[in-house]
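Following the hints, put chain B in place on chain A, whose structure we already have.
These protein sequence lines map, in sequence, to chains A and B. Going by our numbering, the first sequence opens with residue 1, and the numbers climb by one from there. Going by our numbering, the second sequence opens with residue 437, and the numbers climb by one from there.
Because the hints were derived from the structure by calculation, they are not lab data. Possibly wrong hints are sitting among the right ones.
[To be verified] No more than 25 Å apart at the CA atoms, straight line, and that leaves these computed lysine-lysine pairs for PhoX-like:
id, chain 1, residue 1, chain 2, residue 2
1, A, 339, A, 125
2, A, 245, A, 235
3, A, 185, A, 245
4, A, 235, A, 225
5, A, 181, B, 586
6, A, 245, A, 415
7, A, 251, A, 181
8, B, 586, A, 185
9, B, 586, A, 245
10, A, 251, B, 586
11, A, 335, A, 79
12, B, 586, A, 415
13, A, 140, A, 339
14, A, 339, A, 329
15, A, 339, A, 77
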Amino acid sequence: MALSRRTLLGLAAAVPVSAALAACSGSSGPGKGGAATYWYLNGQPQEGVRAGAVDAFNKANPDTQIEDTTYQNDAYKTKIKTAIGAGQAPTVIWGWGGGTLRAYAEAGQVEDLTPWFDENPDVKKGLFPSSFGAATVDGKIYAMPCETVQPIILYYNKRVFDRVKVDPPESWDDIMALVPKFNAKGIAPFALGGQSRWTNMMWLEFLFDRIGGPEVFQAAIEGEKNAWSHPDAIKALTALQDLVKADGFVKGFSSITADSNADQALLYTDRAAMMLHGAWSYGIQQADGGDFVSSDSLGFMNFPAVEGGKGDLSNTVGNPAQYLSISAKASAEQKKIAKDFFATGILQEEEVKQWIGNGSVPIRLGTEKLLAESDNAEFLQFTYDVASKAKVFVQSWDQALSPTAAETLLDNIVKLFQLSISPQQFASNLNAVTAA
Amino acid sequence: MSTLTAKRSGRRPRRSILPWLATPALLLFTGFAVVPLVGVFALSFTTWDGIGSIRVTGLTSWRAVLTDPGLPHALWVTFLVMAVSWAVQTPLSILLGTFLAGRQRYRAVLGVVYFIPLMLSSAAIAIAYEALLDPNFGLGAGLGVEALSKDWLGRPGLAFGVVIFVVSWQFVPFHSLIYQGGVQQIPKSLYEAAQLDGAGRVRQFFSITLPQLKYTIITSSTLMVVGSLTFFDLIFVLTEGGPGDATRVLALDMYKRGFQASLMGPASAIAVILVLVGLALALLLRRLGGRDAAASQLEGAS
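Same shape as in the complex, but just chain A (with noise of 0.2 Å):
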């Protein structure tokens, strides 16, 4: 009897397991029933503009709907690339567009939507054209190209500026001229949140271009041998580094990161004078700042010339757009609703002018009545001007390379930043990952 008892416990113990064994699978999974999913970054104040297109949409469209999901940035891309892989992606992939679509594209992942641009050539002809370079794989375009345009910034603070009795830099020059005059009173030249790493890339970003032109980087994403170690590539490491050693960056930058906004902060407490950062950030200052932005206290401008360089001033870099593409792996009811939602849900007007409201230029054509009339005009008109007008626009580094040699990049930008390793073992590393 006591046996059959024990019997019977161990059944009792073993059921449960095998019911949780079987909850596991099962659930889970790329939209059950008909509705399109959709995944894209959390943090205000772009969720609920994301947000707020996706319900829209929903409530003209009963009958469609569009179920979204919200992850933080650097989780996401790591759990967007794994859903891929394992065949789970959602049906609308929010993304950067470059290297990480080409790879997408590759594999056969997302759908081309060549053919549905050619049918609905309105919807092209309404976005900056700009958009459409890190959407287009060998001469197909593989994502919609939506919300707004980030071009980096040099942002700084007027009123440390006028606290030192200094003026904002024209050239680099400038800049390595300010860097002591900051530092004797007790203010940081350049704010950055260096544990993220694509923070610093961003400098690199603009010296690569401002001295030896866009050709430079473009040779390595073409794959060129040695395109690193071009000898105005090695000049551009070779400035940053000097910055560095002539204490240009915040104390401990290493230790900041981005994503709590503490680079940002240390602007806005007066703790430092500038930062380059994406336009992004005018809307975090606003919200965070206080009366920062409100009383005129934050300049603006495109990086400044270096001397002796060959790249153009209007030149910019950061992202030109962001992405969404269609999972191949979606059903075609699936497919229908997410290009219903890229023809009548995306950059519509009401999503238009919550960007505009959130200082931020959506990359639709002919707003510059809106963005006239907005509270931020002035900073609105610099970044459309900046990033229409821009002969070059850069897309960031670590989304136009493949994610193998953005990896490599970022590792060896934070050992460059940290003077570990010189201008041409940087170079070198990074032949061994781009060339082809």
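Using the frame of chain A, we list chain B on its own:
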């Protein structure tokens, strides 16, 4: 005869039920450990970016991993984390455990307080420390203590120290608990005899408590050493293996290669290495402790 058969038949069901009791654990182990392990081993002979199709490429991934100077570095960092965190945690845990083994009420209260870090998730701990250590808005700046506002996560040596500190902060409570149990099992008679012989507290600790804790030390060390191989979440959130690669342990190296750099083949090769190192260590520790396992641990030992 009849009694014998009765006995035998009474035993048989027991024999047949034991394997059944092991089934749930075995199923879980096979499903979540053995099958993925075989998968990873197979993947290590392929080239795969995690998205496209998997191509079998023989030893390419292994060659890439074994010739990469990053591997010895990651192994060295892993070993350092293991050794230093063991050396920091063990004495602290033994002392705390011995202290908490006393029956006084205030010690029970302290025991509960010490236990708190163990209830927090590693990611939460890492985020909290990251914020506290921010050189401009962290603890040092907030309290105005210059000594605390260092570039904690930006200098290789400091970042390594921070990792060890946070790991210890999180796991010392757990090991203290193990030692507390160990100390409470030591027979009182040993201490009484020592007191009669005039041994002081320190002498009692070194001559009775420590030797009697031998097996507890081995258990706790095994958990620490093998556990330190899998430190991932904490280091990933705290430093992301940085600055540079100063805190890039093997597990982190594997993740970064696999999921950030899209090199699943080499990442799988590292995973295999990780498993082998873990098995070797567990075996070694068992050997170290198991040689005289038959010898009595209690009264007879003295």
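Hints, verified against the model:
no.: 1; hint: A/339 to A/125; in the structure: holds (16 Å)
no.: 2; hint: A/245 to A/235; in the structure: holds (15 Å)
no.: 3; hint: A/185 to A/245; in the structure: holds (18 Å)
no.: 4; hint: A/235 to A/225; in the structure: holds (18 Å)
no.: 5; hint: A/181 to B/586; in the structure: holds (23 Å)
no.: 6; hint: A/245 to A/415; in the structure: holds (14 Å)
no.: 7; hint: A/251 to A/181; in the structure: holds (15 Å)
no.: 8; hint: B/586 to A/185; in the structure: holds (20 Å)
no.: 9; hint: B/586 to A/245; in the structure: holds (18 Å)
no.: 10; hint: A/251 to B/586; in the structure: holds (9 Å)
no.: 11; hint: A/335 to A/79; in the structure: holds (21 Å)
no.: 12; hint: B/586 to A/415; in the structure: holds (19 Å)
no.: 13; hint: A/140 to A/339; in the structure: holds (17 Å)
no.: 14; hint: A/339 to A/329; in the structure: holds (15 Å)
no.: 15; hint: A/339 to A/77; in the structure: holds (23 Å)
Checked against the numbered hints above, the structure breaks none of them.
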